[in-house]
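Colleague: Single-letter residue listing:
There are 2 protein chains.
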Amino acid sequence: MRASTVRRLRLLQQLAQANDLRIVLLVLDGVGDLRTAEQPSTALELASTPNLDALAARSALGRIVPASTAITPGSGPGHLALFGYDPLAPECDIGRGVLEALGLGLELRPGTVAARGNFASVNAAGNLTDRRAGRIPTEEGVRLCSKLRGALAASPGNELEVEIHPGEGYRFVLLLRSPDGRRLGAALADTDPQKPGVPPLELHAEDAESAETARRLEPVLAVLRTALADEPRANAFLLRGFSLRPELPSFGVLYRLRAGAFAGYPLYRGVASVCGMEVVECGKRIDDLLARVEERWSDFEYFFLHVKQTDMAGEDGNLAAKVEVLEEVDRALPRLLELAPDVLAITGDHSTPVPMKAHSWHPVPLLLHSPVCFVDETERFDELQASRGHLGTFASAELMGLLLANAGKLLKFGA
Amino acid sequence: MRASTVRRLRLLQQLAQANDLRIVLLVLDGVGDLRTAEQPSTALELASTPNLDALAARSALGRIVPASTAITPGSGPGHLALFGYDPLAPECDIGRGVLEALGLGLELRPGTVAARGNFASVNAAGNLTDRRAGRIPTEEGVRLCSKLRGALAASPGNELEVEIHPGEGYRFVLLLRSPDGRRLGAALADTDPQKPGVPPLELHAEDAESAETARRLEPVLAVLRTALADEPRANAFLLRGFSLRPELPSFGVLYRLRAGAFAGYPLYRGVASVCGMEVVECGKRIDDLLARVEERWSDFEYFFLHVKQTDMAGEDGNLAAKVEVLEEVDRALPRLLELAPDVLAITGDHSTPVPMKAHSWHPVPLLLHSPVCFVDETERFDELQASRGHLGTFASAELMGLLLANAGKLLKFGA
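Those protein sequence lines, which keep their order, are chains A and B. According to the working numbering, the first sequence is numbered sequentially starting from 1. According to the working numbering, the second sequence is numbered sequentially starting from 1001.
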């Protein structure tokens, strides 16, 4: 990790002390939006949010920059930053295979290597004719994964523990673990040549550890290839995004917090679990999350609540839908306030402006409520008011420390 | 370069992708100004700028900090920061000799060492009587440089390629290149003792590479000394600011941009050329620049336009002149907008407040216009409105990434 981040996390770890106060981080995924010529008001500006407005009036507002000025983060980096980690550090890199596995809700123990798989079609000469096997339906992928698992079970003596999980359509996930404790390497190039007319690529390792992993993986892949040989369409497979689960210091170790993640979508549950949070099974809407938060209120000092629908509406370019989600959150807010969290932050992991139909780099509005947050003059939770708030504009990765401080969980530095 | 800068530039390089969208950076040199008891309004506030105002109303405003809080940059660092480089990194240091050479419009190939020269006067004992040779006129300097060149041509066998170029008055520039490819060192102390009554200093090298350069330079300097010995006034010379042309990764490599520099003054052309921009020959006023930009509109994706007169008016302490330049720029603005740049930024390399008659450290107002810039509530391009803009206040070196992002030239980071 970057020296500055290591220093910041070490400092937090050194100063953090446990107490009973409860912190709630409510992430409205992709909440930030744009004012443009065609869309003169943002979703936050348009939404009728009396409860959020009332809370803003007795809170401090500000803005956070997810990764770095001008950098648009994916969901992984966006959330790691909210959790206090440096999203640009190599140690925080969540590879494509790991992300796919987390997105399927798979448990990734430390040391696991994950890769994304595509079922594919090859001709008699072994050359690819379709990199997606004619986009077979999910049921077909499920059947093929069962078949592959059966083939592996029938050929013992493998030097790797292998799991194969179906994804959507032609996609699957391959998980590798070392039964003997030897570290696996994930510096393995994709076997997908990215074009038809050529055979899938051989495994190519970029360092010694990964070469040893490749040597142990080769016989496994041979079994899988043989098992698919008689398939009419999906008679081959391609592997991409080999990656190791990141090894991050946990919330408990860093911040002395028992942390619970309340998220309806697997990717976010996965990222939270990598940070050492307990993942609580939840539905997908804010009311589903709150029902579980209420049940588990005595079990944690930190609650990560993830609302996905703001981002989905942004990605769809659907302003009305984004407004509606915000109003749904607003209606649910009193239920959350009823729990009387000592510190409540409402923000996003990045902006997903409706006019862009994609994640963006724009700073994300932040509302912070605590008895010591500094009640500024902002009276509404939206982008422009946030840009005038008392908290100013700062890196998302610094938010975690601010939450701890507001909860009285950080000792004084020096005398 | 600083680790953080290297990382930022690497990240931009990793995420940058070419597209056809065009970015224009219009630099109003030294545009930022001050409100003081004696000067209650800034030049931007006083100028009648209907076109800039209209643009500001549909753009985002903010402020950039050129080098670092409280640090007043020269023109070199000020511009390198606008181009995305860390102006405080040793690799970005543009030494005095190189700056003087660039200011004369000299071509500096990689590996060239440049030094500033003064013609000077010494008495019979060899002690300095005038460090500027009685401030001889430029024509006299031109004659002396010819004489020196002739003397060098008449004494073959030098181990260095040497160029001597007259500057203003008593000043000249010495350029050194290695004909055999051995690297030259520029860690050579000034030979100017900074006071009369003593002889010029000997060449003093601060590292081994520079000691070797000094060994090869000594016979050259002996030839030059002999050539001047019979001069009535300028019978000696002093050398200062030995420096190597900085070797920066270019705009093409870093940002995948074809970049054109449109600047009427040689120093800015020189700095742009060091960054790998194509330097387009231009007149000195905004209309001259625009005429060339129009001609070359299809040749570049990035256009650097440099207006010098705002800085000159500031240095002269001439508020009316600064206002007049801004109004001239405002009148020219529709012509620039007619080209429909996809991203347009208007800012300065630093402030040159009229009351200070000098560069200063004050943040510089920035106007950013693009389809996704976030239209904030600012309605005029001036210092105070800029301080309330949606872009906030950030380091000049981060502007380049923001321009790329607004032009859709940066991929998402992580998934």
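Simulated from the structure, these hints should not be mistaken for laboratory data. Keep in mind that a hint or two might mislead.
Calculated pairs, DSSO-like style, for lysine-lysine (alpha carbon to alpha carbon, straight line, at most 27 Å) [said to hold, decoys possible]:
1) A:LYS412 <-> A:LYS357
2) A:LYS195 <-> B:LYS1284
3) A:LYS284 <-> A:LYS308
4) B:LYS1147 <-> A:LYS284
5) B:LYS1412 <-> A:LYS308
6) A:LYS357 <-> B:LYS1412
7) A:LYS284 <-> A:LYS357
8) B:LYS1284 <-> B:LYS1195
Quick look at which bits of chain A chain B covers, simulated, 3 or more residues with Cβ under 8 Å [what the hints assert, rightly or not]:
9) 31-40
10) 91-100
11) 338-348
Every residue, glycine too, gets a C-beta built ideally from N, C-alpha and C.
Colleague: Now tell me, hint by hint, if it's right for this structure.
Modeller: So, going through the hints one by one against the coordinates:
no.: 1; hint: A:LYS412 <-> A:LYS357; in the structure: violated (44 Å)
no.: 2; hint: A:LYS195 <-> B:LYS1284; in the structure: violated (52 Å)
no.: 3; hint: A:LYS284 <-> A:LYS308; in the structure: holds (8 Å)
no.: 4; hint: B:LYS1147 <-> A:LYS284; in the structure: violated (84 Å)
no.: 5; hint: B:LYS1412 <-> A:LYS308; in the structure: holds (19 Å)
no.: 6; hint: A:LYS357 <-> B:LYS1412; in the structure: holds (13 Å)
no.: 7; hint: A:LYS284 <-> A:LYS357; in the structure: holds (21 Å)
no.: 8; hint: B:LYS1284 <-> B:LYS1195; in the structure: violated (38 Å)
no.: 9; hint: 31-40; in the structure: holds (count 5)
no.: 10; hint: 91-100; in the structure: holds (count 4)
no.: 11; hint: 338-348; in the structure: violated (count 0)
The structure fails to meet hints 1, 2, 4, 8 and 11 from the earlier list, while all remaining hints are met.
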